[in-house]
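Novice: Sequence:
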Amino acid sequence: MSEKYKQRSIIEIMNDVLSTIRDYYDSEYVYYIEKEEDDILAIYEWCAENVPWQRDRIKMLDADQLPRWIRQEITDTTEADYSVFRPLDDDVTAVLAAVGVHRGGCDLSLMRAVIPYISQAIVLQKMQKQQEYLSYHDDLTGLLNRNSFVGYLAEVKQEELKSLGALSVDINGLKNFNKEFGREYGDEVVIRVGEVLEEYFRGAMVFRLTGDEYLAIMEDVSYEDFMKHVHGAHNKLENISLGLVTMGYAWEKVDIDVDSLVAHAENMMREEKQKYYKHLKKGHHEPIIKQDLLEDIEHGSFIVCFVPKMDVMTEEVVGAEAVVRYHHKDLGIVDPGKYITLLEETKLSHFLDLYVFEQVCKTLRKWELEDMPMLPVSVNFAGATLREESVAEKMLSLVEKYRVSCEYLEVEVSESYTDMNQEMLAETSNKIRKENVRVVLDHFGAKDSSFSILSIMEFDGLKLDKSLVTNIVGNNRSQIVAKAVIDVCRQLGVHVAAAGVETQDQLNVLKELGCDYAQGTLFNKPITIDTFEVRYMKG
Numbered sequence: 001m002s003e004k005y006k007q008r009s010i011i012e013i014m015n016d017v018l019s020t021i022r023d024y025y026d027s028e029y030v031y032y033i034e035k036e037e038d039d040i041l042a043i044y045e046w047c048a049e050n051v052p053w054q055r056d057r058i059k060m061l062d063a064d065q066l067p068r069w070i071r072q073e074i075t076d077t078t079e080a081d082y083s084v085f086r087p088l089d090d091d092v093t094a095v096l097a098a099v100g101v102h103r104g105g106c107d108l109s110l111m112r113a114v115i116p117y118i119s120q121a122i123v124l125q126k127m128q129k130q131q132e133y134l135s136y137h138d139d140l141t142g143l144l145n146r147n148s149f150v151g152y153l154a155e156v157k158q159e160e161l162k163s164l165g166a167l168s169v170d171i172n173g174l175k176n177f178n179k180e181f182g183r184e185y186g187d188e189v190v191i192r193v194g195e196v197l198e199e200y201f202r203g204a205m206v207f208r209l210t211g212d213e214y215l216a217i218m219e220d221v222s223y224e225d226f227m228k229h230v231h232g233a234h235n236k237l238e239n240i241s242l243g244l245v246t247m248g249y250a251w252e253k254v255d256i257d258v259d260s261l262v263a264h265a266e267n268m269m270r271e272e273k274q275k276y277y278k279h280l281k282k283g284h285h286e287p288i289i290k291q292d293l294l295e296d297i298e299h300g301s302f303i304v305c306f307v308p309k310m311d312v313m314t315e316e317v318v319g320a321e322a323v324v325r326y327h328h329k330d331l332g333i334v335d336p337g338k339y340i341t342l343l344e345e346t347k348l349s350h351f352l353d354l355y356v357f358e359q360v361c362k363t364l365r366k367w368e369l370e371d372m373p374m375l376p377v378s379v380n381f382a383g384a385t386l387r388e389e390s391v392a393e394k395m396l397s398l399v400e401k402y403r404v405s406c407e408y409l410e411v412e413v414s415e416s417y418t419d420m421n422q423e424m425l426a427e428t429s430n431k432i433r434k435e436n437v438r439v440v441l442d443h444f445g446a447k448d449s450s451f452s453i454l455s456i457m458e459f460d461g462l463k464l465d466k467s468l469v470t471n472i473v474g475n476n477r478s479q480i481v482a483k484a485v486i487d488v489c490r491q492l493g494v495h496v497a498a499a500g501v502e503t504q505d506q507l508n509v510l511k512e513l514g515c516d517y518a519q520g521t522l523f524n525k526p527i528t529i530d531t532f533e534v535r536y537m538k539g
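So the sequence shown is numbered by UniProt numbering: it starts at 1 and just counts up by one.
These aren't lab readings, by the way, just hints derived from the structure by calculation. Take the hints with a grain of salt, since some may be wrong.
No farther apart than 25 Å at their CA atoms in a straight line, the calculated lysine to any residue pairs in the SDA-like style are these [what the hints assert, rightly or not]:
no., residue 1, residue 2
1, K434, T521
2, K157, S222
3, K466, K401
4, K434, S455
5, K236, K157
6, K366, K157
7, K434, K157
Keep in mind the model is a prediction, meaning the values are calculated, not measured.
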């Protein structure tokens, strides 16, 4: 009998049993109810033709009202009624009742005999459902598990997706939690992280893939909305414990490939994870370094310098790029490669980038008040800054604060896909351009670059990477590549600049290729703003 129950649904079993009882007693209505203290656990019924179903009425009852309701049913009918109450265990009581009985006398033997089998069928059905649930859900958190993710990959219709966002999350040091505080504490951490992800990705799919790794997938979501969920979950988890988790994410709306998107998010998470473990090796010194950096930004230890941008044909200055030099109180001038990496690792890049942007706004306002020539100035934004949800709003706030015209502001965004994929870069660029700040695609031609970004992203200018310029003299292949980029940009209506120009021969080749602007040591190294003004604006 147990094997039979495993093969048939509980609805089919109950329909057969209750219809048999109804036929045996020729009754109008048969129902089976299980109750546990204050809860009604199960309701099954079978009615004769033209007799209304009672399920909705029963659902409205409190469990303690059930016996009174049954007695009332029996009293109200003109025919004999039979009911059997039987305790199944200490907490659960089963009620089997036949209402409107027309034959069978007072023989309750069939009803008494069938209750244990009904109960067994329900228990087995619950066990089957539990087994099925555990096949696709994590037993600790209740989240979807890896089996569910594999099933999703097999069933998802990628061609029908309008967009897709993926967030990879990993708990930092879960083994240490278990070792130092016990597995019960570690389990609480796992559960709490899962709860936060469910809270901020409600309606999406949240998977627990391994002991400490989670994945959230959102279908048909805009980049802005996806990032709101990402930032919300990140901030909540950081408030619980600083550095509790490491995250990586990706979003696409063109040529969506779920496997590739998830892999990109996981790779980004692993890169962040390596930075986390690198910090662990530094021990207690890291907070001091963070605090030093923040204080040095606030106190002006980061000195903004300008690199002149020259017209290739006239060799006259047409703008500038803002760069920074870090003057540490003990170490003196710090190599940019060291502090930029440190800023990225400590997630402080956006503080410095917005600080430089503010200094540029101050300078433009000064030029305007002093009736000096107005030149556009560009600011480099790191990937972490571009991922800040409110970066465009913060920029606009500074523009309004200093009352400067956005036509003189440019933001250079890196085309590297280590930190951001193409779609995310394009979405961020569009947000910035909506504020009338021009966007320049930086480092084009570097190792991670791709021509496809030109068809996805709206931008105002493009800067050839130094690696393309270095070998451009006498290298036909480099010239062909540079010429192709310049021609494409010409058709797109955007200007092209070249970085790292060091010799007159390089400049001459760029002239022949049709490049618009150039910058590099041929013209000048980074100089202070005062020096820039004297040399290029007051002469």
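Novice: Please list, smallest to largest, the hint numbers that this structure does not respect.
Specialist: 1, 3, 5, 6 and 7
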